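On the provided structure of chain A, position chain B as indicated by the hints.
Protein sequence lines correspond, in order, to chains A and B. Numbering-wise, the numbering used here puts 144 at position 22 of the first sequence, and it's gapless, one number per residue. Numbering-wise, the numbering used here puts 143 at position 21 of the second sequence, and it's gapless, one number per residue.
Hints may contain errors.
A pair counts as met if it fits within one copy or between any two copies, since identical chains are not told apart.
[Unchecked claim] Below, in silico cross-link-like pairs of lysine-lysine (PhoX-like), each with a Cα-Cα straight-line distance of 20 Å or less:
(1) K162 to K124
(2) K132 to K176
(3) K162 to K132
(4) K124 to K176
(5) K132 to K183
No lab work stands behind these hints, which were simulated from the structure alone. Model, not experiment: these values are computed from the prediction.
There are 2 protein chains.
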Amino acid sequence: MKVRVHVMLKDGVLDPQGEAVRHALGALGFDGVGSVRQGKVIEMDLADGTSEDKIGEMCEKLLANTVIESYRIETL
Amino acid sequence: MKVRVHVMLKDGVLDPQGEAVRHALGALGFDGVGSVRQGKVIEMDLADGTSEDKIGEMCEKLLANTVIESYRIETL
Numbered sequence: 123m124k125v126r127v128h129v130m131l132k133d134g135v136l137d138p139q140g141e142a143v144r145h146a147l148g149a150l151g152f153d154g155v156g157s158v159r160q161g162k163v164i165e166m167d168l169a170d171g172t173s174e175d176k177i178g179e180m181c182e183k184l185l186a187n188t189v190i191e192s193y194r195i196e197t198l
Numbered sequence: 123m124k125v126r127v128h129v130m131l132k133d134g135v136l137d138p139q140g141e142a143v144r145h146a147l148g149a150l151g152f153d154g155v156g157s158v159r160q161g162k163v164i165e166m167d168l169a170d171g172t173s174e175d176k177i178g179e180m181c182e183k184l185l186a187n188t189v190i191e192s193y194r195i196e197t198l
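Excised from the complex, chain A in its bound form (with noise of 0.2 Å):
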């Protein structure tokens, strides 16, 4: 089975790299661009029948910290 995780900074959490994006797209010229997150995406491979806990298990573990970091995960 394939699942994507996404993993973004929670709200109120500063995100300088969504910033530098910002930034550099006013730079080049584009217009409205108003805030800018960045995160990021996780697409596995796992076994057939693996279930949502231990997905979410290895979310907790490794793949996010929880501390700042939220996780969405999607199956494929």
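Here is chain B on its own, set in the frame of chain A:
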């Protein structure tokens, strides 16, 4: 309007980050993890009516390195 851009390394391009995640999951005792690919996701607030062409231009010029990365635009 809210837009999400997914940027992933193209197939065939070595993904050391993904490999590191795969190894780490194995070391943590998670079995059955096949290939892992890591990419980035950029969420942007754009002016209403920004065309998909314009967003594509942002990707080509800044957000993705199209030599090794592919991108996908998702309007929310």
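Checked hints:
In this assembly of identical chains, the alpha carbons of K162 and K124 lie at most 20 Å apart whether taken from the same copy (17 Å) or from different copies (17 Å). Taking the shortest alpha-carbon separations for K132 and K176, neither the intra-copy value of 22 Å nor the inter-copy value of 28 Å comes in at or below 20 Å. In this homomeric assembly, K162 and K132 come within 20 Å of each other (Cα to Cα) both inside a single copy, at 13 Å, and across copies, at 16 Å. Taking identical chains as interchangeable, the C-alpha atoms of K124 and K176 lie at most 20 Å apart only when both belong to the same chain, with a minimum of 14 Å there against 31 Å between chains.
Proximity of K132 to K183 under the C-alpha cut-off of 20 Å is restricted to the intra-copy arrangement: shortest distance 17 Å within a copy versus 27 Å between copies.
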